[in-house]
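Protein chains: 2
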Amino acid sequence: MKEQFFPYIQNLQDQITQKFESLDHLGQFKEENWERPEGGGGRTRVLEKGAVFEKGGVNISAVHGELPKSMQDYFKVGESTFYACGLSLVIHPKNPMVPTVHANFRYFEMYNKQGELQDQWFGGGLDLTPYYLIQEDVQHFHQCCKNSCDAFDASFYPSFKKQCDDYFWNTHRNEARGVGGLFFDYLKPTETISLQDRYDFVTKVGDNFLNAYVPILQRRKNYRYTPQQRTWQEIRRGRYVEFNLIHDKGTLFGLKTNGRIESILMSLPSHVQWKYDFQPENGSEEAALIAVLEQPQEWV
Amino acid sequence: MKEQFFPYIQNLQDQITQKFESLDHLGQFKEENWERPEGGGGRTRVLEKGAVFEKGGVNISAVHGELPKSMQDYFKVGESTFYACGLSLVIHPKNPMVPTVHANFRYFEMYNKQGELQDQWFGGGLDLTPYYLIQEDVQHFHQCCKNSCDAFDASFYPSFKKQCDDYFWNTHRNEARGVGGLFFDYLKPTETISLQDRYDFVTKVGDNFLNAYVPILQRRKNYRYTPQQRTWQEIRRGRYVEFNLIHDKGTLFGLKTNGRIESILMSLPSHVQWKYDFQPENGSEEAALIAVLEQPQEWV
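Those protein sequences? They're chains A and B, same order as listed.
In terms of my numbering, the first sequence has 56 at position 56, counting the first letter as 1, and numbering is strictly consecutive.
Every position in the second sequence, counted from 1, becomes a number in my numbering once 1000 is added.
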């Protein structure tokens, strides 16, 4: 399976970065190939100061070796070796009318001390973080998520949509990071679903990523905005930073297992503000966003 | 002891906020009194957009009640009640030539289920986070720290200085948050040191806070700086955010024990930047700062 999935994410990284570069006449991805001392490595592509994209990273990695102690505890296994590969992206557009988007597609294999395969699964998803709520855009994004799911199983979308709302929850703020999308993990083969079926599903979601996001970007990237709207975007980006540094399991594992810091923290936006006790005005568009973040909605 | 220490920090908050207001003709502290549903409360004072101070908070609180489960585990005790009071401040000046400063002075009491006092201790310290390294300033700050300590015990400064370097260590970056100062915790009475001695020491350090910081502020607050130096300051502030959200025990306990979010996160700077893989030029002043953060120094 790793010989099938890793080439897939290599190719997906190419497709996504080419598409984004074609949409931004100023920005170009800077590529960095890195190696992990303990085994494996990755290809990081980061774009900064584009016309459309203020900062974005589309990274792939394939790492293997001894499972670090902290991850042994997390997975409740003894000494093991592992293989993990995945694509991870975060895009912070400049225009506050364009949402931030995040996606991740990953595959994991775990081996015992004798090198025998013990477990294998897929994980991933995609989610949207708007600064201003434009119903049509959120509905489009969720409809694409649902379409990818419904081709496989009618229970997938409601289940993975809820897992997404649950996962991207800023507990200390009592609000969602954004308007969600899909989140799935530990997608293992079952009696009726083969590992190949899991691959087909995850790659279907991956193939649909650009369809889910690019139309929104194209519709909104030239919208006019005020300095006040820009400030609101930077304040909300602060909540994004809070989630990623306090709650996000992927970020914290990366930091605790000696991952490549700059590849992990490329997810943080370029310009961020924290104002003390900032509250949007009652009835404002900003307050309308908060209301939806406090109470996740059904979009399709 | 709480009847002695809480009035002390109330008074110290007044002294510090009055002094800072007198140094900033634009900025004024906004005061907020808050109550903790489970018992106690606090008085938060935050100043934003001053001429000298870009953002700063000087907060006191006195809270009590059942010890939350997560803190029972942390302190390795069973069901208990507690009392805790303290002053906590973080000042982010506008001018990159003026360091950020943090200080905290706190007192803790722990009771068993029968309401009998089981344990009591002081904790706290102060530390400096410069954006440009001006030896004279760092030496002055550490000399003040040492003076407060030496009046009590010659072993205090070396011990609490080292604890400060160890505590404010950004493990994922392999560098210190700043140039340190003092950090102490669990200062309990011993056979030769009474609780009153502990009080005398902690309040001595508190009384010396303004002496340690204000002369630096006055010397540097009108220094000229370039937009590039401002950008560097905002990038370094990103490391401050990373430390507080990933590693700082006080912040994380606050967030996990239902503290008042806006009082806890007032420590975050107003404007922050993250650039991908930013490296200062060899031989630059920025590189000189990093060298010292990677390898904590003896200053006095």
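Where hints are given, some of them may not hold.
[Said to hold, decoys possible] Calculated Cβ distances over 10 Å to all of chain A for the following chain B residues:
| # | residue |
| --- | --- |
| 1 | E1003 |
| 2 | K1030 |
| 3 | E1035 |
| 4 | G1057 |
| 5 | S1070 |
| 6 | F1156 |
| 7 | R1173 |
| 8 | D1207 |
| 9 | N1211 |
| 10 | K1249 |
| 11 | L1255 |
| 12 | P1269 |
| 13 | W1274 |
| 14 | K1275 |
| 15 | D1277 |
| 16 | P1296 |
[Stated by the list, open to error] Computed footprint of chain A on chain B; a stretch qualifies when at least three of its residues, placed anywhere within it, have a C-beta under 8 Å from a C-beta of chain A:
| # | segment |
| --- | --- |
| 17 | 1239-1246 |
| 18 | 1259-1265 |
Rather than coming from a laboratory, the hints here were simulated on the basis of the structure.
Glycine included, each C-beta is placed from N, C-alpha and C at the ideal position.
message: If I take the minimum Cβ distance from W1274/B to any residue of chain A, is it greater than 10 Å?
response: Violated, since 4 Å does not exceed 10 Å.
field: Whether E1035/B stays farther than 10 Å from all C-beta atoms of chain A, as the label says
entry: Non-interface label on E1035/B holds, nearest chain A Cβ at 16 Å vs cutoff 10 Å.
message: Using Cβ atoms and 10 Å as the threshold, tell me whether P1296/B really stays out of contact range of chain A.
response: 20 Å, holds
- request: Examine each Cβ of chain A, and state whether all of them lie more than 10 Å from the Cβ of S1070/B.
  value: Holds, since 13 Å exceeds 10 Å.
field: Given as non-interface: G1057/B, which should sit over 10 Å from chain A by C-beta
entry: Violated: least Cβ distance 7 Å, not greater than 10 Å.
task: With a C-beta cutoff of 8 Å, work out whether three or more residues of the segment 1239-1246 of chain B approach chain A closely enough for the coverage to hold.
output: holds (count 4)
query: Do three or more residues of the segment 1259-1265 of chain B come closer than 8 Å to chain A, measuring C-beta to C-beta?
result: As far as the segment 1259-1265 of chain B goes, the hint holds, because 3 residues have Cβ atoms under 8 Å from chain A.
Assertion that D1277/B lies outside the chain A interface [Cβ separation over 10 Å]: 4 Å, violated
field: chain A versus N1211/B - minimum CB to CB distance exceeding 10 Å, so not interface
entry: Holds: least Cβ distance 27 Å, greater than 10 Å.
field: Whether L1255/B stays farther than 10 Å from all C-beta atoms of chain A, as the label says
entry: Label violated. Min Cβ-Cβ 4 Å, cutoff 10 Å.
message: Please verify that the nearest CB of chain A lies beyond 10 Å from F1156/B's CB.
response: 33 Å, holds
field: Given as non-interface: D1207/B, partner chain A, CB spacing beyond 10 Å
entry: The claim stands: D1207/B keeps its Cβ more than 10 Å from every Cβ of chain A (closest is about 27 Å).
In this structure, the hints that do not hold are numbers 2, 4, 7, 11, 12, 13, 14, 15, in rising order.
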